[in-house]
Amino acid sequence: MDIDVAALRNELKARQAALQARYLQDNDAEALLRQRCADVDEILCRLWADFSFPASIALAAVGGYGRGELYPASDIDLLILLPQDASASTEAKLERLVGCFWDIGLEIGHSVRTIPECLNEAANDITVQSALLEARLLTGSEKLFTTFRRRLFGNLDPLHFFEAKRLEQQDRYLRFNETPYSLEPNIKESPGGLRDLQVIFWIAKAAGYGGTWDELGADGIMSQEGVAFGKQFEDFLRHLRIRLHFLAGRREDRLLFDYQERLAHRYGFVDNETKRASEQLMQAYYRNAKGLTLLNTIVLQNMGAALAPENLQRPQPFDEHFQIVGNLLDVCDERLFEREPGLILDAFLIMQENPELQGMTAPTLRAIWVARDQIDEAFRADPANRTMFLKLLQSERGIVHEFRRMNQLDILGAYLPNFGRIVGQMQHDLFHVYTVDQHILQVLRNLRRFTMSEFAHEYPLCSRIINEFERPWLLYIAALFHDIAKGRGGDHSVKGTVDAREFCENHGLSKDDTELVVWLVRQHLVMSQIAQKEDLSDPEVIGNFAGLVGDVRHLQALYLLTHADIRGTSPKVWNQWKGKLLADLYQQTLHFLAQDEAPVAHGIIAERQAEAMRLLRFFALSDTVHERLWKQLDTVYFLRHSAEEIAWHTRSLHYRIYNNQPVVRARLWQEGVGLQVMVYTQDQPDLFARLVGFFARAGYSIVDAKIHTTAHGYALDSFILLDVEKRDHNREMLAYIEHELEDRLLRQLPPEVPSAGRLSRQVKHFPIKPEVSIRGDEKGTHFVLNLTAADRPGLLYTIARTLAEHGAELHTAKIATLGERAEDVFLISGGDLRDTNQRIRLETELIERMKV
Numbered sequence: 000m001d002i003d004v005a006a007l008r009n010e011l012k013a014r015q016a017a018l019q020a021r022y023l024q025d026n027d028a029e030a031l032l033r034q035r036c037a038d039v040d041e042i043l044c045r046l047w048a049d050f051s052f053p054a055s056i057a058l059a060a061v062g063g064y065g066r067g068e069l070y071p072a073s074d075i076d077l078l079i080l081l082p083q084d085a086s087a088s089t090e091a092k093l094e095r096l097v098g099c100f101w102d103i104g105l106e107i108g109h110s111v112r113t114i115p116e117c118l119n120e121a122a123n124d125i126t127v128q129s130a131l132l133e134a135r136l137l138t139g140s141e142k143l144f145t146t147f148r149r150r151l152f153g154n155l156d157p158l159h160f161f162e163a164k165r166l167e168q169q170d171r172y173l174r175f176n177e178t179p180y181s182l183e184p185n186i187k188e189s190p191g192g193l194r195d196l197q198v199i200f201w202i203a204k205a206a207g208y209g210g211t212w213d214e215l216g217a218d219g220i221m222s223q224e225g226v227a228f229g230k231q232f233e234d235f236l237r238h239l240r241i242r243l244h245f246l247a248g249r250r251e252d253r254l255l256f257d258y259q260e261r262l263a264h265r266y267g268f269v270d271n272e273t274k275r276a277s278e279q280l281m282q283a284y285y286r287n288a289k290g291l292t293l294l295n296t297i298v299l300q301n302m303g304a305a306l307a308p309e310n311l312q313r314p315q316p317f318d319e320h321f322q323i324v325g326n327l328l329d330v331c332d333e334r335l336f337e338r339e340p341g342l343i344l345d346a347f348l349i350m351q352e353n354p355e356l357q358g359m360t361a362p363t364l365r366a367i368w369v370a371r372d373q374i375d376e377a378f379r380a381d382p383a384n385r386t387m388f389l390k391l392l393q394s395e396r397g398i399v400h401e402f403r404r405m406n407q408l409d410i411l412g413a414y415l416p417n418f419g420r421i422v423g424q425m426q427h428d429l430f431h432v433y434t435v436d437q438h439i440l441q442v443l444r445n446l447r448r449f450t451m452s453e454f455a456h457e458y459p460l461c462s463r464i465i466n467e468f469e470r471p472w473l474l475y476i477a478a479l480f481h482d483i484a485k486g487r488g489g490d491h492s493v494k495g496t497v498d499a500r501e502f503c504e505n506h507g508l509s510k511d512d513t514e515l516v517v518w519l520v521r522q523h524l525v526m527s528q529i530a531q532k533e534d535l536s537d538p539e540v541i542g543n544f545a546g547l548v549g550d551v552r553h554l555q556a557l558y559l560l561t562h563a564d565i566r567g568t569s570p571k572v573w574n575q576w577k578g579k580l581l582a583d584l585y586q587q588t589l590h591f592l593a594q595d596e597a598p599v600a601h602g603i604i605a606e607r608q609a610e611a612m613r614l615l616r617f618f619a620l621s622d623t624v625h626e627r628l629w630k631q632l633d634t635v636y637f638l639r640h641s642a643e644e645i646a647w648h649t650r651s652l653h654y655r656i657y658n659n660q661p662v663v664r665a666r667l668w669q670e671g672v673g674l675q676v677m678v679y680t681q682d683q684p685d686l687f688a689r690l691v692g693f694f695a696r697a698g699y700s701i702v703d704a705k706i707h708t709t710a711h712g713y714a715l716d717s718f719i720l721l722d723v724e725k726r727d728h729n730r731e732m733l734a735y736i737e738h739e740l741e742d743r744l745l746r747q748l749p750p751e752v753p754s755a756g757r758l759s760r761q762v763k764h765f766p767i768k769p770e771v772s773i774r775g776d777e778k779g780t781h782f783v784l785n786l787t788a789a790d791r792p793g794l795l796y797t798i799a800r801t802l803a804e805h806g807a808e809l810h811t812a813k814i815a816t817l818g819e820r821a822e823d824v825f826l827i828s829g830g831d832l833r834d835t836n837q838r839i840r841l842e843t844e845l846i847e848r849m850k851v
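When we follow numbering that gives the first Met the number 0, the leftmost residue of the sequence shown carries the number 0, and every step to the right adds one.
Any given hint could turn out to be false.
Distance ranges between label pairs, derived from CB positions [claimed, not checked]:
id	residue 1	residue 2	range
1	Arg-249	Thr-211	27 to 37 Å
2	Arg-249	Gly-209	25 to 35 Å
3	Arg-613	Gln-683	32 to 42 Å
4	Arg-848	Gly-488	55 to 65 Å
5	Glu-116	Gly-829	22 to 32 Å
6	Gly-108	Asp-834	17 to 27 Å
7	Pro-115	Glu-847	15 to 25 Å
8	His-506	Ala-30	49 to 59 Å
9	Thr-780	Thr-211	37 to 47 Å
10	Tyr-654	Gln-683	16 to 26 Å
11	Thr-386	Arg-249	50 to 60 Å
Within a straight-line C-alpha distance of at most 20 Å, the following computed SDA-like cross-link-like pairs (lysine to any residue) qualify [to be verified]:
id	residue 1	residue 2
12	Lys-630	His-711
13	Lys-630	Tyr-657
14	Lys-510	Val-493
15	Lys-813	Pro-354
16	Lys-187	Thr-835
17	Lys-768	Glu-847
For the record, the hints were derived by calculation from the structure and aren't laboratory data. Where is the CB? At the ideal position from N, CA and C, for every residue including glycine.
Go ahead and model the full structure; you've got the sequences and the hints to work with.
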């Protein structure tokens with residue numbers, strides 16, 4: 000066997016050069032991808048023949064190469080399929096073959112597997128399964144390859160695959176902060192990139208819907224308009240990625256600043272009086288990405304409905320204009336918004352006010368999109384629409400989700416025309432990694448997270464302040480306008496105040512509230528500049544800043560907005576040092592202002608602590624009784640517990656805080672209709688599962704739980720329990736629960752599996768589809784797990800055991816049962832949560848186990 004490696008390498012280079020020249024001449028992306036595959040196919044098959052492998056082995060292309068989309072610098076993914084484990088001589092020959100691939104200049108990603116090994120790996124890794132779905136035989140045993148394909152698809156559950164790919168996409172979106180508008184986007188992996196197209200076709204292939212846009216249209220999965228848009232989006236991204244690979248001379252899928260200007264010129268854009276070529280290219284990219292993410296949402300929704308038609312419920316009337324389909328908001332008439340444009344904003348408010356709604360149906364999204372031009376001057380001047388827009392900002396939940404949805408559908412830019420002008424606008428600086436509009440929405444998101452107790456562990460001071468702040472929605476308005484004047488020339492902080500004042504006055508805000516919002520827009524850069532650039536030990540610096548803010552309200556507002564603004568520029572810009580500088584400036588200024596003002600009110604936490612101390616005095620306890628316990632507790636604890644609960648815990652634990660013995664206290668709750676139980680013990684594996692199992696075996700269901708871990712490693716948990724059978728013996732159970740649970744915790748007995756109970760009739764006839772999401776926190780050390788499912792006996796135990804099996808450590812939890820609907824939030828860490836595939840596996844297992 001004599002292989003001329005140099006000749007093959009030169010042949011590959013010549014073919015690549017010819018492909019590039021032909022592409023630049025005829026601009027045919029599909030032809031380039033197809034011919035690149037054909038060239039590589041030919042050379043690989045020639046090499047395979049030269050090595051004289053046994054006829055029982057097969058060589059297959061997988062992934063993008065198997066799909067027939069081989070970009071100029073893409074990896075070449077191969078599967079060497081064996082009928083059985085390879086002999087030593089075959090293994091040696093395979094190693095020489097792979098080495099030869101690399102020697103001639105092919106970047107190979109290969110695996111050597113038997114069919115059972117392929118199936119096992121596919122079952123445990125959704126990414127591998129997706130790649131294998133694209134498998135295409137290059138040479139070798141057709142019989143073996145056919146058997147492999149038959150068994151792969153025979154083992155495939157299309158609905159399970161759909162759910163796993165959907166979860167995988169959610170996780171991918173989170174890695175990119177759920178936005179396609181990064182200034183240096185990854186055109187393959189970012190939301191709105193090629194991966195969004197591939198997800199559609201992976202699911203389509205798994206379900207048998209076909210592998211082309213036209214086949215999806217023929218199957219009714221997409222409208223003909225959608226098919227046309229899909230082809231358009233795909234064509235744009237194909238050309239962009241091809242040209243990027245040629246320009247970089249290697250595999251590069253990030254539109255880095257280094258390439259944008261040259262790529263824009265090669266793509267045909269030219270500089271003009273108002274925009275550089277790179278800005279025009281990127282705006283075209285963002286428009287394409289925006290449309291693609293909407294298309295992906297609609298198509299996945301359609302495929303999910305086709306795959307599980309039994310899950311589709313009859314529309315339930317909501318009001319005269321809307322109905323509910325499953326857990327989605329649906330418009331009764333797709334022409335509704337064209338006749339009554341004001342209902343566009345109403346649709347988003349309905350989403351906010353009804354937490355059971357998880358999205359909008361495809362017809363509703365299309366209807367809003369079509370009617371977006373109805374938002375004109377008359378619409379914006381209508382007092383009813385102005386009131387409705389303010390309600391969207393004042394809602395208790397769903398603000399970030401719905402404002403993002405409004406931006407996605409071009410509604411936000413239509414209502415705020417100056418916001419529409421900065422959609423997709425780049426920011427050429429060293430800090431921002433998002434377009435202006437997406438940065439603004441990130442700032443809004445950061446402010447909202449301060450208000451949520453499940454994120455209080457991230458930045459406790461911000462959580463404390465915003466819970467003290469009256470009308471925090473004023474901060475959201477300031478966030479919307481703080482950068483709205485970018486790109487107009489001059490100082491955007493000054494020009495933005497004109498827009499902010501006009502908005503506030505048009506929407507009927509008071510003079511004081513208007514002044515605060517306008518002041519925040521004008522001064523939103525000042526606190527950051529002083530904290531990072533001036534000497535905070537200089538009393539004059541602090542005095543001057545205190546003179547600028549004037550009072551505590553302005554200081555709190557500016558600190559919160561500044562904190563959220565910096566964190567919204569880039570994940571890499573924020574760090575603990577900047578946080579400390581800001582906090583130091585805040586605390587020193589607060590102290591300065593307090594010298595001349597009445598003592599600063601410490602808000603809800605201080606009030607609860609004061610009330611708890613008042614209650615403790617009724618038991619003749621000293622004024623220092625709380626100190627040992629409270630110094631081990633943080634903001635999250637005091638935000639989640641009432642003053643009466645704090646006093647109860649303190650009274651029960653003040654003399655046993657460092658005692659190794661577990662403490663269990665139980666009392667009647669709500670005039671005896673249930674029990675409230677407090678558990679205090681050293682934190683330990685499976686603790687939550689043990690508690691859940693014990694309560695279930697005792698005949699109680701948990702309707703509310705507050706899980707907390709103290710600073711010195713003790714679990715301090717409290718539960719509200721209801722008797723499943725509604726027996727009248729709660730008082731008699733108090734001593735039993737205290738004695739038995741303390742004993743079981745002391746002896747470290749294993750969790751008790753609760754006995755199976757009966758499902759309610761409502762759950763049987765009106766099933767609630769389980770939903771799971773796992774989101775990383777800002778620091779990347781903890782994850783917030785959100786669960787929604789139909790409540791049933793043993794559900795919480797199932798969740799607890801599943802978390803324990805994955806080694807997840809539970810820090811805090813919010814357990815809520817709303818009728819037949821369980822909505823739980825857990826803060827977890829540890830185990831294998833940092834691994835994307837393992838998180839998806841955990842999500843999938845939870846969904847499967849929570850199904851009724």
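Each hint tested on the structure:
Distance hint check for Arg-249 and Thr-211: the Cβ-Cβ separation is about 30 Å, which falls inside the suggested range of 27 to 37 Å. Against the hinted window of 25 to 35 Å, the Cβ-Cβ separation of Arg-249 and Gly-209 comes to about 34 Å, which satisfies the hint. Range check, Arg-613 to Gln-683: Cβ separation about 35 Å, and the 32 to 42 Å hint holds. Evaluation of the 55 to 65 Å hint for Arg-848 and Gly-488 yields a pass: the beta carbon distance comes to about 58 Å.
The given range of 22 to 32 Å is respected by Glu-116 and Gly-829, whose C-beta atoms sit roughly 30 Å from each other. As the Cβ distance of Gly-108 to Asp-834 is approximately 19 Å, the hint placing it in 17 to 27 Å holds. The hinted window of 15 to 25 Å between Pro-115 and Glu-847 holds, with their beta carbons roughly 23 Å apart. Restraint check, His-506 to Ala-30: a C-beta distance of roughly 55 Å satisfies the suggested window 49 to 59 Å.
Judged by the Cβ atoms, the range 37 to 47 Å given for Thr-780 and Thr-211 holds: they are separated by roughly 44 Å. Against the hinted window of 16 to 26 Å, the Cβ-Cβ separation of Tyr-654 and Gln-683 comes to about 22 Å, which satisfies the hint. In this structure the supplied range 50 to 60 Å holds for Thr-386 paired with Arg-249, their Cβ-Cβ distance being about 55 Å. With a CA separation close to 10 Å, the supplied pair Lys-630 and His-711 stays within the 20 Å bound.
Distance restraint check for Lys-630 and Tyr-657: the Cα-Cα separation of roughly 13 Å lies within the 20 Å cut-off, and the hinted pair is therefore satisfied. Restraint check for Lys-510 and Val-493: the C-alpha separation of about 19 Å stays at or below 20 Å, so the hint holds. Restraint check: the Cα-Cα separation between Lys-813 and Pro-354 comes to about 16 Å, which is no more than 20 Å; the hinted pair holds. For the given pair, Lys-187 sits about 17 Å from Thr-835 by alpha-carbon distance, which is consistent with the 20 Å threshold.
Our distance criterion of 20 Å between C-alpha atoms is met by Lys-768 and Glu-847, whose separation comes to about 10 Å.
Consistency with the previously given hints is maintained throughout, with no hint failing.
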